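Peer 1: All chains, full assembly: derive it from the sequences and hints.
Chains A and B supply the protein sequences, listed in that same order. FYI, this note's numbering numbers position 16 of the first sequence as 16, with every residue one higher than the one before it. FYI, this note's numbering numbers position 130 of the second sequence as 287, with every residue one higher than the one before it.
Keep in mind that the hints are not guaranteed to be accurate.
Restraint-style ranges between C-beta atoms, simulated for each label pair [what the hints assert, rightly or not]:
| no. | chain 1 | residue 1 | chain 2 | residue 2 | range |
| --- | --- | --- | --- | --- | --- |
| 1 | A | Leu-96 | B | Val-206 | 53 to 63 Å |
| 2 | A | Asp-10 | B | Leu-169 | 44 to 54 Å |
| 3 | A | Arg-49 | B | Glu-163 | 30 to 40 Å |
| 4 | B | Leu-215 | A | Thr-123 | 49 to 59 Å |
| 5 | B | Val-197 | A | Leu-96 | 44 to 54 Å |
| 6 | A | Asp-29 | B | Val-208 | 41 to 51 Å |
| 7 | B | Leu-169 | A | Thr-6 | 50 to 60 Å |
| 8 | B | Val-208 | A | Thr-132 | 39 to 49 Å |
| 9 | B | Arg-192 | A | Gln-121 | 26 to 36 Å |
| 10 | A | Thr-6 | B | Arg-192 | 21 to 31 Å |
| 11 | B | Val-197 | A | Glu-54 | 36 to 46 Å |
| 12 | A | Thr-123 | B | Asp-177 | 32 to 42 Å |
| 13 | B | Ile-216 | A | Arg-135 | 47 to 57 Å |
In case anyone wonders, no lab produced these hints; they're calculated from the structure. Remember, it's a predicted structure, so these values are computed and weren't measured experimentally. The beta-carbon is built from N, C-alpha and C at its ideal position, and this holds for glycine as well.
Here is what each chain is made of, one letter per residue.
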Amino acid sequence: MGDDDTGLLDFVATRYPQLRRSAFLMCGDWATADDVVREALARVIADLRRDGLEDPGGSAYAELMAAFPLKHKRREHVFVAPSDVPDGHDPTETILLLDALQKLAPRCRAVLVLRHWAGLQITEIADVLSLTDERVEAYDAAGCKALESLLGEPVPS
Amino acid sequence: MTALDERLAKALEVEPPLGDAVDAVFHRAKQLRRRRIRAVLLAGLVAIVLVAALGYGLISVLMPTAAGRPVPHPSPGGSVDPVAVVLAEVADLTLEPRSPGPGWRQYTAVDRAGHPRGLIVVVVYAAPTGLCLPVLAHRDVCALAEAAGDVEYARYRFDDVNAQVNEVIARRPRDGRTVAVMAAGERDTGAAGAGRPALTAAEAARAATDQRLMDAFGEAERCNAPAPACPVLRVEVPAVG
Numbered sequence: 001m002g003d004d005d006t007g008l009l010d011f012v013a014t015r016y017p018q019l020r021r022s023a024f025l026m027c028g029d030w031a032t033a034d035d036v037v038r039e040a041l042a043r044v045i046a047d048l049r050r051d052g053l054e055d056p057g058g059s060a061y062a063e064l065m066a067a068f069p070l071k072h073k074r075r076e077h078v079f080v081a082p083s084d085v086p087d088g089h090d091p092t093e094t095i096l097l098l099d100a101l102q103k104l105a106p107r108c109r110a111v112l113v114l115r116h117w118a119g120l121q122i123t124e125i126a127d128v129l130s131l132t133d134e135r136v137e138a139y140d141a142a143g144c145k146a147l148e149s150l151l152g153e154p155v156p157s
Numbered sequence: 158m159t160a161l162d163e164r165l166a167k168a169l170e171v172e173p174p175l176g177d178a179v180d181a182v183f184h185r186a187k188q189l190r191r192r193r194i195r196a197v198l199l200a201g202l203v204a205i206v207l208v209a210a211l212g213y214g215l216i217s218v219l220m221p222t223a224a225g226r227p228v229p230h231p232s233p234g235g236s237v238d239p240v241a242v243v244l245a246e247v248a249d250l251t252l253e254p255r256s257p258g259p260g261w262r263q264y265t266a267v268d269r270a271g272h273p274r275g276l277i278v279v280v281v282y283a284a285p286t287g288l289c290l291p292v293l294a295h296r297d298v299c300a301l302a303e304a305a306g307d308v309e310y311a312r313y314r315f316d317d318v319n320a321q322v323n324e325v326i327a328r329r330p331r332d333g334r335t336v337a338v339m340a341a342g343e344r345d346t347g348a349a350g351a352g353r354p355a356l357t358a359a360e361a362a363r364a365a366t367d368q369r370l371m372d373a374f375g376e377a378e379r380c381n382a383p384a385p386a387c388p389v390l391r392v393e394v395p396a397v398g
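Peer 2: In structure tokens, the structure reads:
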């Protein structure tokens, strides 16, 4: 394996878990999350090998979010507790949160995940989702408000 | 960390193991690369086929002789025979030249199916002072000539099943150049189809009135009588001055 491949291996190994968790929050399903992340990272690697990329991390998030329908589509999704939950872990809160996230508009959900889980800045999120900074801020505020209403408790943005 | 950050982190506490996820990414990347290469090659191939088809189409439209017609045989000197070029344009034939002479050319014709279609004879004359195109029933009466551009001509058909002939005599008044095109089908076949001449009367007229055919002969070439070496036509061109 050459230096380039070692660098790519490090990149994938480092980014995979974070991307996978973001994808899970977007879809609520670990198997789907794995599929989406593999495809997204494979595209980034192919692009890196061909032309190089200015911001591989941002591109990975952009590829990831492109896999989810972000326009005009809200899915009703019923989450159930996984069978292999460790002792002492109550899945109820997780299920309620995933359910509430799924009820948000897709762009709102994407903005909340990227900002509050992935820790991206407003401008980075704007690049990833091809939106203006103002739109990202508006989605963030609206998403938090909607989530607060769904969960029945305050969600500071 | 805000309350939302914490709640999101909590939702991710129970996470299945990664397994061989990293290897799977590289495997997927390899598949993707192969797919992209195939797509590029396919696109290139499609582009080449399109360009070739477009080129062929254009050539067929703009140069029907080159694409859709048999290419006339070059003359012994290596250049293309201009008489054969005109004949090949008016009918879908393969022409085999026979020994030419001053003022005349002869070709044996074979159709697309490979059937022999007899002989085509092209003869030129000089008739600067005018020409009486004969009427078959009365050879001393002049026919009412048809016109194609600045060329006047008369058509003659002989439908004897064993000796079918289509002949056209055409004259260009401005310089008197006169051309006779005779297509004689295979003789004694006993069948109308088998003995059909290589050129219909209309095709013979198109060839005979084509300026390129008239100009395909040298200025000094002519079969004005007496010209014992010239071929004998079914309808002889009257003696001209």
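Peer 1: Does each hint fit the structure? Answer for all of them.
Peer 2: Hint check:
Hint check: Leu-96 (chain A) to Val-206 (chain B), Cβ distance near 58 Å, so the stated range 53 to 63 Å holds. Between Asp-10 (chain A) and Leu-169 (chain B) the beta carbons are some 23 Å apart, a value that contradicts the proposed interval 44 to 54 Å. The given range of 30 to 40 Å is respected by Arg-49 (chain A) and Glu-163 (chain B), whose C-beta atoms sit roughly 39 Å from each other. The beta-carbon spacing between Leu-215 (chain B) and Thr-123 (chain A), approximately 53 Å, falls within the hinted interval of 49 to 59 Å.
For Val-197 (chain B) and Leu-96 (chain A), the hinted distance range of 44 to 54 Å is satisfied, since their beta carbons lie about 48 Å from each other. Between Asp-29 (chain A) and Val-208 (chain B), the C-beta spacing of about 47 Å keeps the proposed range 41 to 51 Å intact. At about 29 Å, the beta-carbon gap between Leu-169 (chain B) and Thr-6 (chain A) misses the expected band of 50 to 60 Å. Checking the proposed 39 to 49 Å range against Val-208 (chain B) and Thr-132 (chain A) shows it holds: the Cβ atoms sit about 43 Å from each other.
Distance hint for Arg-192 (chain B) and Gln-121 (chain A): a CB-CB separation of about 34 Å, consistent with the stated range 26 to 36 Å. Range check, Thr-6 (chain A) to Arg-192 (chain B): Cβ separation about 25 Å, and the 21 to 31 Å hint holds. Against the hinted window of 36 to 46 Å, the Cβ-Cβ separation of Val-197 (chain B) and Glu-54 (chain A) comes to about 23 Å, which falls outside the hint. The beta-carbon spacing between Thr-123 (chain A) and Asp-177 (chain B), approximately 35 Å, falls within the hinted interval of 32 to 42 Å.
One distance hint, 47 to 57 Å for the beta-carbon pair Ile-216 (chain B) and Arg-135 (chain A), holds here, with the actual separation near 55 Å.
Checked against the numbered hints given earlier, this structure breaks hints 2, 7 and 11; the rest are met.
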